[in-house]
Structures are given as C-alpha cells and as structure tokens.
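Visitor: Knowing the structure of chain D, use the given hints to seat chain G on it.
Chains D and G, in that order, are what the protein sequence lines are.
Count along the first sequence from 1, then add 13; that gives the number in our numbering.
Count along the second sequence from 1, then add 13; that gives the number in our numbering.
For the record, the hints were derived by calculation from the structure and aren't laboratory data.
Take these hints with a grain of salt, some might be off.
Put simply, identical chains are the same to the list, so a pair is met inside one copy or across any two.
[Unchecked claim] Simulated crosslink set (BS3-like; lysine-lysine; CA at most 30 angstroms straight-line): (1) 328 <-> 219; (2) 406 <-> 328; (3) 342 <-> 87; (4) 332 <-> 406; (5) 328 <-> 271; (6) 406 <-> 271; (7) 253 <-> 406; (8) 253 <-> 321; (9) 253 <-> 328; (10) 271 <-> 253; (11) 253 <-> 278; (12) 271 <-> 387; (13) 54 <-> 271; (14) 332 <-> 278; (15) 426 <-> 219; (16) 332 <-> 271; (17) 162 <-> 87; (18) 253 <-> 101; (19) 342 <-> 253; (20) 398 <-> 253; (21) 72 <-> 328; (22) 426 <-> 101.
Remember, predicted model here, so these are calculated numbers, not experimental data.
Protein chains: 2
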Amino acid sequence: MHNRQLMEWLEQHLLQLNLESTAIDYTEGYTRLGYSEEERKAMEVFESIARSLHMSVRKDQAGNRIARWEGREKLPPMALGSHVDTVKNGGAYDGVAGVLCALAAIHQLQLDGFVPVRPIEVICFAAEESACFGVSTIGSEAMAGMLDKEAICSLEDQEGLTVQEAIISAGLDWDSIQDAERQKDDVYKYLELHIEQGSRLEHAGKQFGVVTAIARPVRFLLEIIGQTNHSGTTYMDERKDALVAASSLVSFIYHRAKELSQSEKHPIVATVGTFNVSPNATTSVPGFVELGIDIRSVDDSLKSTLGKEIDHTLKDIQKEYHVESTIEKIVDNPSVFLDENFAKKIKDIGEKSGFTSMYMESGAGHDVMNMAKKWPAGLIFIPCKDGISHNPKEYASLEDLAMGSTSLTHIIKSETQ
Amino acid sequence: MHNRQLMEWLEQHLLQLNLESTAIDYTEGYTRLGYSEEERKAMEVFESIARSLHMSVRKDQAGNRIARWEGREKLPPMALGSHVDTVKNGGAYDGVAGVLCALAAIHQLQLDGFVPVRPIEVICFAAEESACFGVSTIGSEAMAGMLDKEAICSLEDQEGLTVQEAIISAGLDWDSIQDAERQKDDVYKYLELHIEQGSRLEHAGKQFGVVTAIARPVRFLLEIIGQTNHSGTTYMDERKDALVAASSLVSFIYHRAKELSQSEKHPIVATVGTFNVSPNATTSVPGFVELGIDIRSVDDSLKSTLGKEIDHTLKDIQKEYHVESTIEKIVDNPSVFLDENFAKKIKDIGEKSGFTSMYMESGAGHDVMNMAKKWPAGLIFIPCKDGISHNPKEYASLEDLAMGSTSLTHIIKSETQ
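Here chain D stands alone, though its shape is the one from the complex:
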C-alpha cells in the first residue's frame, strides 16, 4: 500500500471515528464522555470499520468492543487497542489515533496478503478518560480483572449521574461488568499506540517513542480555611485570607517541582489543577479554598518526597497566614513499568523500518498500564503538535499516523507469524 493511499485511508477513517463528514473541528473539539451516547456512536463506527476488514466484533460486559481477525492456529491473540472517549472539548486524536492506526495496520496487512498464525485483536476500550467521574480506564481495568466496582459505583459527574447509572444507561448489566475479566492465557501480548501529549519527540526530532514506564499520580485534596470578611473594612494585618495562603502553596509546588526535575534523575510534574475559592465575591476576603494537587513521576519515592514537603510547607503557611488546613491523599498509584524485552523489540523493529525512535516515560495514564499488570505490554508514542492535548487544538499529522500504523504492521508481523 502506498503511503499516500494509507494517508487517505487514515484521513477518511479519522473523520468517521470523530463522527465528522468533511473536516476535524479544531475549535470546539470533541466531547465523548465515557459511557455516553457520543462514545457509543464512535464505538459503532469502530465496529463498522472492523467489520469492513472482515473482523468479528463483540462487546464485553464492561462495554469494551473487541474486534478479532482469526489466525491460522488456535493461539492467544496479539491485542492492540486504545479508546474513543474524550475529555470535555478534547481533541480528535487522544485515543482515536491508537484505534485508527491499529485498524489501518490490519488493512495494510490484509492488502499485503498477510495471514497471521495467531489471531489479532483491536480493542476499543470503554471510558478511558477520567473527565466525567474522576476515575479513568474503567474498561481496561475490567478486562485486566482490576476493577473495584464498589469503589466507583457512586462516583458522580457534575450533573449528579453516578458511574453505575451511566453504565446501566449504556445498556450494560452492572452486576456482571467484572465478568469482562480475561484470563492470562486469553491474550498473548498487548500493544497500544497513542499520541505523546507532550513535546519530547518534537524537541528531540524523533519519529516515535517507546515507552518504558508510566508515571502514575499521587493526588491530594486540600482545604485552606481562613476567615471570610469584608474586603473594605478588614485591615491587611487582620486578615485570614485563604486565597493568599493557597497562592503561596501553588507557588511552592510549582517552583519546587521545577527544581526537583532539574536535580533528580527522573522528571517530576506537580499541578494544582482544581482550585475553588469561596465565597468568590468582590467585597469578601476569601475564607475558603479547596484545591487538588496531582503529582507524577515514574520515581515513586520522588512523589513521596514532594508530598512530604508540601505537607511541611502547608504547616508554615498556616502559621504565616493564620489559616487552618486539611490535606487528604485521595490517590496513590505506584508507577507502572512496561515489559523491557518487548520495548527493545519494538525499538529494534522501528529502526529496521527506518524510523527514528527514543525510549521515554509517559506522564499520562493509558489503558496499557492495566493490561501490563497481566500481559507483556508495550506503548508507542507518536508526536502531537506542540505537545497540546486535552484541547480542541490537539493535532497529529497524517504522516505520523501513517508512520505509526506502518510500525504496528511490522511489530504485528513479527509477533504473529
């Protein structure tokens, strides 16, 4: 298949998977929340493309769609996959790129007359993003047998819809979602392709990344409790301004994470992403701030160090600004290391195909982190423009999608013949 034909195929099916007929919307982007009607529609497009490639498609108990091309022998399948759900006003490539390139790889292999020894699957996982309920990768957790149904059932979205209600309204049986679990010998290996969502590849001038580890978050939820008071009548030295106190903490977290990233072996990132001020009124000294901190590094001890420093700094801030505070660790996920041998093989195959690559870490979670707990697993990053992601402007070129898809064909061949 000529590269130009491949790019045409990719462009056409990229539009289809984003439910577009003529052009990607880089202004409003896409909102296909997990277990929503919009995710279902994109999954139906996935199904229809897979069927056009003569694959069988089944929907499992967690809502994952599993497309399968049977091999010559009854062996555990080589699985590829990603997702089609998005954050609110997200981009057209996060998740879709992986599903699209895997399907394009099948298409290329079939055009080449390739007949696999072992079956090949392309999995479209349900509800990968945490945008809606604050919990991510529900579909792949279920498949890997890691889903804690009770822990998530009553989590709510902003409209008060619970995970359980969303799953039921997606036509699934709540009581049996954990039956989506697959056994160790039901899958051979798992491989995911995803946009980088960062700009390391761009900066390094490499064509793709081979991910060695996934930095998982530690998350804290903090309350800073000052005293709401009249902004006109409360002298500066009488204030207990929760916003001023919280601002001091935001500055500390940013600058300290920057320092640690420069001095330590592995990078660390720390973000205050949620920040809500109360009463949030023109004439009130803010009495209360709730804020959420997300810390990631593949070096779990480094996350722990920064967490302790934040705790310590918070105590200093309490004294300096006469506020009280609470801090709660709400997430503490150890980092996930991917299969070293598989990673080396992916890199070698890429190089033989003439594609430049580099080992790298992922700061974002992906379905592969769950699959890796049970099966040898790999993750390939392709570049996305300026590292912009979770944003309507998210963009990956057709050239890079084609390169990614072609890389997948080489890896699939090597694993299934």
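Guide: Frame of chain D, contents of chain G only:
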C-alpha cells in the same frame, strides 16, 4: 426608658426584622438580596414597626421605604436610615442595626414625650449590597439623584436575572425609578448608624466611631491567559500555567498592600475576592484565570499608586510565566468625605452622654456616601464582635445597639428641637 426595656425592645424587633420568631440564626445567616422577595418581607416588617410608632410610610419609585414622624413645623426632615438587604449568607446586623436603632430612637423619644420641631424620617433603602448584581446602594443613589439607570440595567446576577428584571419583579416601574430623586431642600441632614464591620473600636476600647471619610474602591478585572495542557505530560519548564502566574500576583497584592499600610498615613486594603480557574480539572494545567481586585483607601492617590504597581508587576509575571494578560479598571470611585461640623457635633454629643468615641474611616461603602453628596451627612459605627461581617457569625451586642440608639436620640433632639 430603662436600658433593660430598651434592650428587650431591640431584641424583639431585631428578630422581627430578620423574620425570626425565637432566635438569630448564626449558622446559615441571612440571604435577603436587593429587590428580592426576602428583602420585601423585611421591608414590610420595617413598615409595620414604623406604623406602630405612629409614623406614615411611603414607598418611593426606587423601592425605598420612607417612614416619617411629622414635626411641629413644616421644615425639611432630619433623616436617618440604613437597609435590610444582605449579602448571601450574611449576618443579622449589617443594615438592620441602623434601621433598628433609628426606630428604637423614635420609640425612646416618644416615650419621653418629645415633640420634634422638624419632621424625623427613618429611611429603609433598597438594594444596598452589591452581592447580587455587583452594584451597590441603588436605592440611595436614586434618592440622591445619582442613579445611572442605563449603566446598571443589564447587569446580571448568577442566574442571569438583570437589575431591570429584578426591579420590575419587585413591583416597581423601571421608567420612573429615577423619580425617587429628592431635592436639596427636601432633606435637612442625613445620619446613619451601622456596625463597624472591622475591629478598630474593639481594639481601641471605644464605644462608638464617628466616621470622617469613606474609602471608595478602585476595582480591576484581570484575565491571565496561559495554555491548558495535560498535567501528566507537560514538563514543568514547558508550562504556561495561568494559576501559577495568578498566584504570584495574589501574593504581590497582599504583601504590597500590607507594606503600604504600614508606611503611609492612611491605611490601604487590597483584595483578590473573585478568582475563577479554567478548565479547573484534575488532569489539566490551568490555562485561564479571571480575577477581580478591590483596592480601598481614603487616599485616592495611594489607590492609584498600587494600581500602577500591579500593572507593572503583571508585566513581569507575563515574562516569568510565559502568559498573556488583560487588565481592565471597572470601578474608580473617589473617596467620600463626610461633613466635618456634623461629625464634631456627633462626637461632642456622645461625650456629653458619657459614651467614649473616636474618629475613624470606613473601608466599606454605605448609603450615607450617596446622601453626603447632596446633604450634610454623618455616620456612626457601633462595634461588631471580632470585626466579623458579611458572615453568619456577624454579631453586635444588645448593649451596643442600645448605646447606639440612645446616641441617636441625643443627636435627633439636638437637631430637631
């Protein structure tokens, strides 16, 4: 009237004006927004108390209630007043104390058999607080002939209700609200009593304050525009974090206003009261912050100095954190100085009555600032516990309310006999 009877009268009518039957709610406080059904109910209580004191009551075109005790002669009335509207979850005393003490003063004078030469009015002004529409003292602006109807008509509350709609739904005629204006010779003097909303009196151990000037605000609305990005994949040194940039500005404003207050003759206060972060999501580097700054001092040039410094600091912050910003001055009110002679008279009368007092400035706006533009006007502060205000915990003792009411009787007597 014995002080104990006066305190009983005050307690009973404090409850009534707060629409309570047994006790003040210091937990949830009171929400009687300007031109709301709740404000109307409290105004009806005001009317009924005034009528029980044999006063006539009229409602003007702006919704102010004007209770009047006729004098022996046809002279411009000595007017007292305040308001009964509150902020959201405000306290039981801000506004109510002034209306209550004025009515109690009338009651005391009547029990004493006092017959005024000139009429005495108690005015319950509409919509003094800016909690709802971001614009304050609508009723007294209308009475003083200062209301810019066009400037406020389309301001909205959080539910999208406009000022015009709220005024119409309060049963008023939008086209004629400016007819509430009174002429120079329709009023003799205006006197307001209000809780301090600060703790200067408490700290100084004085019984009441005689206000010489009202610090009016300069307000800025700022946007900090960074870049929303994935919190896990964007290295610290690649970020354009609008929250980190905004936090730096919040710190500067607080510390600089504190310094200036220590080094300059008049105090200055500066507050970031509104602060909204977007997208406000756990896994996103914040790309946008909108914040509102309120700066007050009776020294207008000091406000201007701090405003310029903020502008300058914002430019530094843009460079340091790679963000863009906009700044708009949305309010620029020169400070208001009250009538010096009237203030001296109030202080002298207080001292003769055995009450300790002090001159002071007001950091909060009050209806008196509008009335002072047209008529000689005075403002008395009584203490409120720990300076807490705009808060359910707001509290003034019955002793202090009684002291305030008794002071008013002495001043009224001196002005109307």
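Visitor: If a hint holds in the structure, say so; if it doesn't, say that too.
Guide: Status of the hints after comparison with the structure:
Taking the closest pair of Cα atoms, residue 328 and residue 219 never come within 30 angstroms of each other, the shortest separation being 44 angstroms inside a single copy and 36 angstroms across copies. For the homomeric pair residue 406 and residue 328, the shortest alpha-carbon distance between copies (26 angstroms) is at most 30 angstroms, but the shortest distance inside one copy (40 angstroms) is not. Proximity of residue 342 and residue 87 under a CA criterion of 30 angstroms is satisfied in neither setting, with 46 angstroms inside one chain copy and 73 angstroms between copies. In the homo-oligomer, the alpha carbons of residue 332 and residue 406 lie at most 30 angstroms apart only across protomers (23 angstroms), although the nearest pairing inside one protomer, at 43 angstroms, exceeds that limit.
With identical chains, the CA atoms of residue 328 and residue 271 are at most 30 angstroms apart both within one copy (21 angstroms) and between copies (22 angstroms). Taking the closest pair of Cα atoms, residue 406 and residue 271 come within 30 angstroms of each other only inside a single copy of the chain (26 angstroms); across copies the shortest separation is 42 angstroms, beyond that limit. Taking CA atoms no more than 30 angstroms apart as the test, residue 253 paired with residue 406 passes between copies only; the shortest distance there is 15 angstroms, against 40 angstroms inside one copy. Proximity of residue 253 to residue 321 under the C-alpha cut-off of 30 angstroms is found in both arrangements, the shortest distances being 24 angstroms within a copy and 26 angstroms between copies.
Taking the shortest Cα distances, residue 253 and residue 328 sit within 30 angstroms of each other both inside one copy (15 angstroms) and across copies (28 angstroms). With identical chains, the CA atoms of residue 271 and residue 253 are at most 30 angstroms apart both within one copy (29 angstroms) and between copies (13 angstroms). With identical chains, the CA atoms of residue 253 and residue 278 are at most 30 angstroms apart between copies only, with a shortest distance of 24 angstroms across copies and 39 angstroms within one. In this homomeric assembly, residue 271 and residue 387 never come within 30 angstroms of each other (Cα to Cα): the closest approach is 34 angstroms inside a single copy and 58 angstroms across copies.
In this assembly of identical chains, the alpha carbons of residue 54 and residue 271 never lie at most 30 angstroms apart, being 41 angstroms within a copy and 57 angstroms across copies at closest. For a Cα distance limit of 30 angstroms, the shortest separation of residue 332 from residue 278 across copies, 28 angstroms, qualifies, whereas the shortest one inside one copy, 34 angstroms, does not. Only within a single protomer do residue 426 and residue 219 lie at most 30 angstroms apart by alpha-carbon distance; the minimum there is 23 angstroms, versus 89 angstroms between protomers. Within a single copy, residue 332 and residue 271 get their C-alpha atoms as close as 25 angstroms, and across copies as close as 17 angstroms, so both meet the 30 angstroms cut-off.
In this homomeric assembly, residue 162 and residue 87 never come within 30 angstroms of each other (Cα to Cα): the closest approach is 32 angstroms inside a single copy and 81 angstroms across copies. In this homomeric assembly, residue 253 and residue 101 come within 30 angstroms of each other (Cα to Cα) only across copies, at 20 angstroms, whereas the closest approach inside a single copy is 35 angstroms. In this assembly of identical chains, the alpha carbons of residue 342 and residue 253 lie at most 30 angstroms apart whether taken from the same copy (25 angstroms) or from different copies (26 angstroms). Taking CA atoms no more than 30 angstroms apart as the test, residue 398 paired with residue 253 passes between copies only; the shortest distance there is 16 angstroms, against 44 angstroms inside one copy.
Taking the shortest Cα distances, residue 72 and residue 328 never come within 30 angstroms of each other, neither inside one copy (51 angstroms) nor across copies (54 angstroms). In the homo-oligomer, the alpha carbons of residue 426 and residue 101 never lie at most 30 angstroms apart, since the shortest distance is 37 angstroms inside one protomer and 67 angstroms across protomers.
Checked against the numbered hints above, the structure breaks hints 1, 3, 12, 13, 17, 21 and 22 and satisfies the rest.
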